[in-house]
Amino acid sequence: MFKNFFPYRILSLNKSTIRNLVVLLIIVTFAGLIYSLLLSPPDYIQGDSVRIMYVHVPSSFIALGCFGVIGIASICNLIFKIKFMPLLAKSLAPIGSIFTLISIVTGALWGKPTWGIWWAWDARLTSMVILFIFYIAYILIWKFIENYEKANKISSIIGIVGLLNIPVIKYSVIWWNTLHQPSSITLTSAPTIHYTMLLPLLIMFFVMIIYSLIIFLMKYKTEIIKFKIVKKKNYK
Amino acid sequence: MLSKKVKSRIFFLVLSIITAVLIIFSILKALEENVVYFLSPTEIYNKTDITLDKKIRVGGLVKMNSITKSEKTINFIITDLKKEIIVSYEGLVPNLFSEGKGVVVEGKLRDKKYFVADKIMAKHDENYMPPEVNKALEKSNN
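Going down the list, the protein sequences come from chains D and A.
Mapping of the first sequence onto our numbering: residues 1 to 236, in sequence order.
Mapping of the second sequence onto our numbering: residues 1001 to 1142, in sequence order.
Any given hint could turn out to be false.
Straight-line Cα separation of at most 20 Å, PhoX-like style, residue types lysine-lysine; simulated pairs [said to hold, decoys possible]:
{"no.": "1", "chain 1": "A", "residue 1": "Lys1055", "chain 2": "A", "residue 2": "Lys1119"}
{"no.": "2", "chain 1": "A", "residue 1": "Lys1108", "chain 2": "A", "residue 2": "Lys1054"}
{"no.": "3", "chain 1": "D", "residue 1": "Lys81", "chain 2": "A", "residue 2": "Lys1005"}
{"no.": "4", "chain 1": "D", "residue 1": "Lys153", "chain 2": "D", "residue 2": "Lys143"}
{"no.": "5", "chain 1": "D", "residue 1": "Lys112", "chain 2": "A", "residue 2": "Lys1101"}
{"no.": "6", "chain 1": "D", "residue 1": "Lys221", "chain 2": "D", "residue 2": "Lys15"}
{"no.": "7", "chain 1": "A", "residue 1": "Lys1083", "chain 2": "A", "residue 2": "Lys1063"}
{"no.": "8", "chain 1": "D", "residue 1": "Lys153", "chain 2": "A", "residue 2": "Lys1007"}
{"no.": "9", "chain 1": "A", "residue 1": "Lys1029", "chain 2": "A", "residue 2": "Lys1005"}
{"no.": "10", "chain 1": "A", "residue 1": "Lys1119", "chain 2": "A", "residue 2": "Lys1101"}
{"no.": "11", "chain 1": "A", "residue 1": "Lys1135", "chain 2": "A", "residue 2": "Lys1101"}
{"no.": "12", "chain 1": "A", "residue 1": "Lys1055", "chain 2": "A", "residue 2": "Lys1113"}
{"no.": "13", "chain 1": "D", "residue 1": "Lys83", "chain 2": "A", "residue 2": "Lys1083"}
{"no.": "14", "chain 1": "A", "residue 1": "Lys1007", "chain 2": "D", "residue 2": "Lys81"}
{"no.": "15", "chain 1": "D", "residue 1": "Lys81", "chain 2": "D", "residue 2": "Lys226"}
{"no.": "16", "chain 1": "D", "residue 1": "Lys112", "chain 2": "D", "residue 2": "Lys219"}
{"no.": "17", "chain 1": "D", "residue 1": "Lys228", "chain 2": "D", "residue 2": "Lys153"}
{"no.": "18", "chain 1": "A", "residue 1": "Lys1112", "chain 2": "A", "residue 2": "Lys1055"}
{"no.": "19", "chain 1": "D", "residue 1": "Lys219", "chain 2": "D", "residue 2": "Lys143"}
{"no.": "20", "chain 1": "D", "residue 1": "Lys170", "chain 2": "A", "residue 2": "Lys1029"}
{"no.": "21", "chain 1": "A", "residue 1": "Lys1108", "chain 2": "D", "residue 2": "Lys81"}
{"no.": "22", "chain 1": "A", "residue 1": "Lys1047", "chain 2": "A", "residue 2": "Lys1082"}
{"no.": "23", "chain 1": "A", "residue 1": "Lys1055", "chain 2": "A", "residue 2": "Lys1108"}
{"no.": "24", "chain 1": "D", "residue 1": "Lys83", "chain 2": "A", "residue 2": "Lys1007"}
{"no.": "25", "chain 1": "D", "residue 1": "Lys83", "chain 2": "D", "residue 2": "Lys226"}
{"no.": "26", "chain 1": "D", "residue 1": "Lys83", "chain 2": "D", "residue 2": "Lys228"}
{"no.": "27", "chain 1": "D", "residue 1": "Lys153", "chain 2": "A", "residue 2": "Lys1005"}
{"no.": "28", "chain 1": "D", "residue 1": "Lys112", "chain 2": "A", "residue 2": "Lys1005"}
For the record, the hints were derived by calculation from the structure and aren't laboratory data.
Here the structure is a predicted model, which is why all the values come from computation and not from measurement.
So that you can see chain A by itself, here it is in the shape it has in the complex (with noise of 0.2 Å):
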């Protein structure tokens, strides 16, 4: 059937793909801190050796009636369902930033509760449908 050159090819190619695949995956396991875009709060409640005067980015939920603004400064609570973060920030938010919306947000945590952002990124998810449906949803929900 198959002559035994082409044997001896497939073989080498098989194991030098393998190879190639645990290398791969050997350097993204060990850069895994840096290929994660974002922790979650779970993940930095859960987290021993945190840093804070390193930048880091967190993402969750912007939690329901969370907001409150004053003067310069925006605040809110990122949650991920289980754990929560107060983030603070001043500037300007995103178009799409808004209660039970996704959020990323970079800069350094005071503590494990306490998030004082420097940038504030939406997140959108893969949901998309006209607003119509959204609104006829939203009254099934109620």
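Here chain D stands alone, though its shape is the one from the complex (with noise of 0.2 Å):
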């Protein structure tokens, strides 16, 4: 399964593989915005607004997975200096940036007609903020420092120091008093969302893993066809 991500697999993947991936996007995703918009019921206090819900959690859950991702591979980069790692993360950090912008906008557009206002500056939304300034280092470091080795390591050193915060955002809201509510999904319980709202989010869910899937393998090998030539010029 690892294996998957060496570069030369990733450069041998031909357009099929891409084009399959796109058709299975595009039938999960009619799929999905079908079910969640249309045919799940509306909430019993909340209504219709509930529906937003579909789309936010799974981009918080992509927004915080790909971060999680981006620290793990740069402990593995400062550690075992593996080559791929930085460009794995790299590829991932646009993806995940542009979700918690997704996460934090739907939120807002969910509180205004729940709890009455747009924004509060509680635990759970301002680490939400947090996460998405790390992104924005971590993608303006690449752009910005010229030698490669040096942008590798500070960009690595600001992905571990972003990781730190994944649990504070995750426990938030549990740790202290938030406006924002506790998970309704966990491993340990009962999820508290019932089926018929549940089955449309597991489908969203899956729309936006395919969608960061693809955005991913398309970014990662041009990173890696990048990286190449790049190489290839230093040592002539």
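Assembling the complex is the task here: the two chains are given apart, and the hints tell you how they should meet.
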């Protein structure tokens, strides 16, 4: 499984793999959107604004997940100097940052009709903004530091420090009083969300994961090719 | 197995991560009063240094049958099932504000039992279900 992300495997990815994934994406997107926007029931208190959740929760999941991988890749990069780790992390950063933004914006849109306010500086929302800042810092370092080795080192440190923020985001709703509600789906107990809403949510999870995977594979391949070209130039 | 270089890098990284965790932990601990978005009635009751002129937030459940509306003001009781605080508020309440549901209010304490709010936020819990399921649940509870 892990071997599939080695550069030679990515480079030999043929067009049909991506195309098949896109076809799958279109099918599950249609299924997910129709289910979550039309077929699933409204909530007993929130009414139809519960449908924002079907975008909000998977986006947040991907936002956290991408940075988790970036952090772990950064650790592997600093310790074992594995060449393709920074390329992998670099390709995940834009995906994660966009989904962080989507999560924050949809959260605000949901907050207005539910809480009565767009924004609150509670622990969950603030730590999510900090995550976004880490993403931006990570991307900007790769953009503006020309020296590859230097950019690699600094961005890895950003990745590791940002990784410490992930458990803070995850557990903020448990550690402190927050306006944001705790998770409905946990590993340890039964979900507190009715199955007619859980099912479309799971489909939307699948949609966003496939979408991220497609973008990641394309970006990762480009990064590997770019890396090889630059390296060739330097050794001439 | 692992070369000396790699071992020293692991050692250094683990050490710096532990330091960073400790620093972040102590910062969050020191700022806890600011990190916590609202206080519960029990926390207010136990607080020794309450400030009456500073804006704070109190959160909990709206007690059943406690909402009374007069011409302009609306009064209700916030409870965490141990202690209670009477809240008085002037203005519009959010749609989801109702008895038995979570609420967070922002304003000033008059004393430990009385709170004047200038902002009300409805808090939503982690339960999601269709209206019919909720009705069925209520029926079986009664």
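Quick rundown of the hints versus the structure:
1. Restraint check for A/Lys1055 and A/Lys1119: the C-alpha separation of about 11 Å stays at or below 20 Å, so the hint holds.
2. A hinted pair counts as satisfied when its Cα atoms are at most 20 Å apart, and A/Lys1108 with A/Lys1054 qualifies at roughly 6 Å.
3. Our distance criterion of 20 Å between C-alpha atoms is met by D/Lys81 and A/Lys1005, whose separation comes to about 11 Å.
4. For the proposed pair D/Lys153 and D/Lys143, the alpha carbon gap of about 14 Å is at most 20 Å, so the pair holds.
5. A hinted pair counts as satisfied when its Cα atoms are at most 20 Å apart, and D/Lys112 with A/Lys1101 qualifies at roughly 17 Å.
6. The straight-line distance between the Cα atoms of D/Lys221 and D/Lys15 is roughly 12 Å, inside the 20 Å bound, and the hint therefore holds.
7. The hinted pair formed by A/Lys1083 and A/Lys1063 meets the criterion: a straight-line CA distance of about 11 Å does not exceed 20 Å.
8. Straight-line distance between C-alpha atoms of D/Lys153 and A/Lys1007 comes to about 18 Å, which keeps the hinted pair within the 20 Å bound.
9. Straight-line distance between C-alpha atoms of A/Lys1029 and A/Lys1005 comes to about 36 Å, which puts the hinted pair past the 20 Å bound.
10. Taking the CA atoms of A/Lys1119 and A/Lys1101, the gap is about 16 Å. The hint holds against a cut of 20 Å.
11. A C-alpha spacing of about 16 Å is found between A/Lys1135 and A/Lys1101, which places the hinted pair at or below 20 Å, so the restraint holds.
12. The suggested pairing of A/Lys1055 with A/Lys1113 holds, with an alpha-carbon distance near 16 Å, which does not exceed 20 Å.
13. Between D/Lys83 and A/Lys1083, the direct Cα distance comes to roughly 59 Å. Violation of the 20 Å bound is thereby established for this hinted pair.
14. The straight-line distance between the Cα atoms of A/Lys1007 and D/Lys81 is roughly 13 Å, inside the 20 Å bound, and the hint therefore holds.
15. Among the hinted pairs, D/Lys81 with D/Lys226 is consistent with the structure: their alpha-carbon atoms are about 19 Å apart, no more than 20 Å.
16. Between D/Lys112 and D/Lys219, the direct Cα distance comes to roughly 36 Å. Violation of the 20 Å bound is thereby established for this hinted pair.
17. Taken as a hint, the D/Lys228 and D/Lys153 pair is honoured in the structure, with Cα atoms around 19 Å apart against an allowance of 20 Å.
18. About 14 Å separates the Cα atoms of A/Lys1112 and A/Lys1055, which keeps this hinted pair within 20 Å; it holds.
19. This hinted pair checks out: D/Lys219 and D/Lys143 have alpha carbons roughly 15 Å apart, not beyond 20 Å.
20. Between D/Lys170 and A/Lys1029 the alpha-carbon distance is near 17 Å, which keeps this suggested pair within the 20 Å criterion.
21. Distance hint between A/Lys1108 and D/Lys81 is unfulfilled; the C-alpha atoms sit about 56 Å from each other, more than 20 Å.
22. Proposed proximity of A/Lys1047 and A/Lys1082 is supported: the alpha carbons are some 15 Å apart, at most 20 Å.
23. Among the hinted pairs, A/Lys1055 with A/Lys1108 is consistent with the structure: their alpha-carbon atoms are about 5 Å apart, no more than 20 Å.
24. Annotation: proposed proximity of D/Lys83 to A/Lys1007 holds, straight-line Cα distance about 18 Å (limit 20 Å).
25. Simply put, D/Lys83 and D/Lys226 have alpha-carbon atoms about 13 Å apart, close enough for the 20 Å limit, and the pair holds.
26. With a CA separation close to 11 Å, the supplied pair D/Lys83 and D/Lys228 stays within the 20 Å bound.
27. For the suggested pair D/Lys153 and A/Lys1005, the alpha carbons sit about 17 Å apart, so the restraint of at most 20 Å is met.
28. Taking the CA atoms of D/Lys112 and A/Lys1005, the gap is near 54 Å; set against the 20 Å cutoff, the hint is violated.
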